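> Sequence:
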Amino acid sequence: MAIPERFSNLPDYAFPRLRALLKGIEPGLRAGEAPMVLTIGEPRHAMPDFVAPIMAQHIGEFAKYPSNEGTADLLAAIGGWLRARHGLDVAPERIMALNGTREGLFNAALALCPERKNGQRPAVLVPNPFYQVYAVAAAAVAADPVFAPATPGTGNLPDYAALPAEILDRTAVAYLCSPANPQGAIAGRDYLERLIGLAERHDFLIFADECYSEIYRDAPPPGALAVAQSMGLADRVMMFNSLSKRSNLPGLRSGFVAGSAENIVQIRRLRSYAGAPLSLPAQAISAAAWRDEAHVTASRALYQQKYEIADRVLGNVPGYRPVEGGFFLWLPVEDGEEAAKRLWARAGIQVLPGTYLSREVEGGNPGRGFIRVALVADAPQTEAALTRLREVLYDDV
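For reference, each letter of the sequence shown is one residue, going 1 to 397 in full-length UniProt numbering.
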């Protein structure tokens, strides 16, 4: 049986592509050095110390089927965080627990993207470069993905308003990640107001991926749902967040989606047939994590220390942009694949070529001249790795 064309045309995922690129290349290491893997966005800061005791306390609940949409306690904890962080009053029926944001960002498209928009095949707007689940979600609902460049020229955020009106009129969903993966740019209030206004004029939903929102340099990034509510347009936004980056718990696979009650009903309905709810012990840990800010503040301080290291080591590299939020550097190079091979061969450092996070559109790939570097190691390791990276890639600066 043939694989549906919309899936067979998807490129391989970034990490298998990187393994193939580096196959047969021996890492170039000095005496006493170990390879440094700076590719995957897996936090390595300590997880909260309350995780193990809560797991032990609730261990017997693995014998029970979990609540599909989230326990009352978890939904209340998420609601409390939304109130404290964003000033939002979000009732439990407007929230659903998720197995991490990736599940929600995919399934929300299945639940909410119409088969036709204004009598036409719908469009799904995707920043380019981007988190790859956005494009797979568009393929799953047989929508046309429209890749909008998010480059230094656009502030590393997509300028959806520049798209033709005929595309915007058939748009069903626009994805936005802020702070952006991979560029670390933050969508400010003015940007969000313009985007929400555009969604209202052209009648589409915004899927706001905010999983990096608690890792930032200076001020907390504004939330799209809060901005939309202040405009009287809260129904335009579905907000996604998780504990993976905020609480250093990527293996817990715990997040949430919040939005209008009507849209949450549709997502819950789909999940009741095809979803995978969080185990009850995981939900208990999650509730505690959303209620505690001390561990978040401590982790954020460690990232801010690494921002300062990156600025000091790489600040005079032409095209370097300081990270606004998240934990990725988006570094300019002549060719991302060649830079990745060179770093591995000469310094034993793995980075991700920017082309693996973006798509070619009209003969150009906005990620080609970049590499993504994850600032997930501790400060001394980060400084050592960035210093070696600079020696290999920017020795003439």
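Just so you know, these hints were derived from the structure itself, not from any lab.
Just to be clear, a hint being listed does not mean it is correct.
[Claimed, not checked] Distance ranges between label pairs, derived from CB positions:
1. 34 x 230: 23 to 33 Å
2. 251 x 80: 31 to 41 Å
3. 44 x 6: 31 to 41 Å
4. 251 x 73: 19 to 29 Å
5. 233 x 67: 46 to 56 Å
Bear in mind that the values here come from a model prediction, so they are computed numbers and not experimental data.
Glycine residues also receive a C-beta, built at the ideal position from the N, C-alpha and C atoms.
> With reference to the structure, classify each hint as holding or not holding.
How the hints compare with the structure:
Checked against the hint of 23 to 33 Å, the C-beta distance between residue 34 and residue 230 comes to roughly 49 Å, which is inconsistent with it. Against the hinted window of 31 to 41 Å, the Cβ-Cβ separation of residue 251 and residue 80 comes to about 24 Å, which falls outside the hint. Residue 44 and residue 6 have their C-beta atoms about 36 Å apart, which keeps the hinted 31 to 41 Å range intact. Checked against the hint of 19 to 29 Å, the C-beta distance between residue 251 and residue 73 comes to roughly 21 Å, which is consistent with it.
A hinted range of 46 to 56 Å is violated for the C-beta pair residue 233 and residue 67, which are about 30 Å apart.
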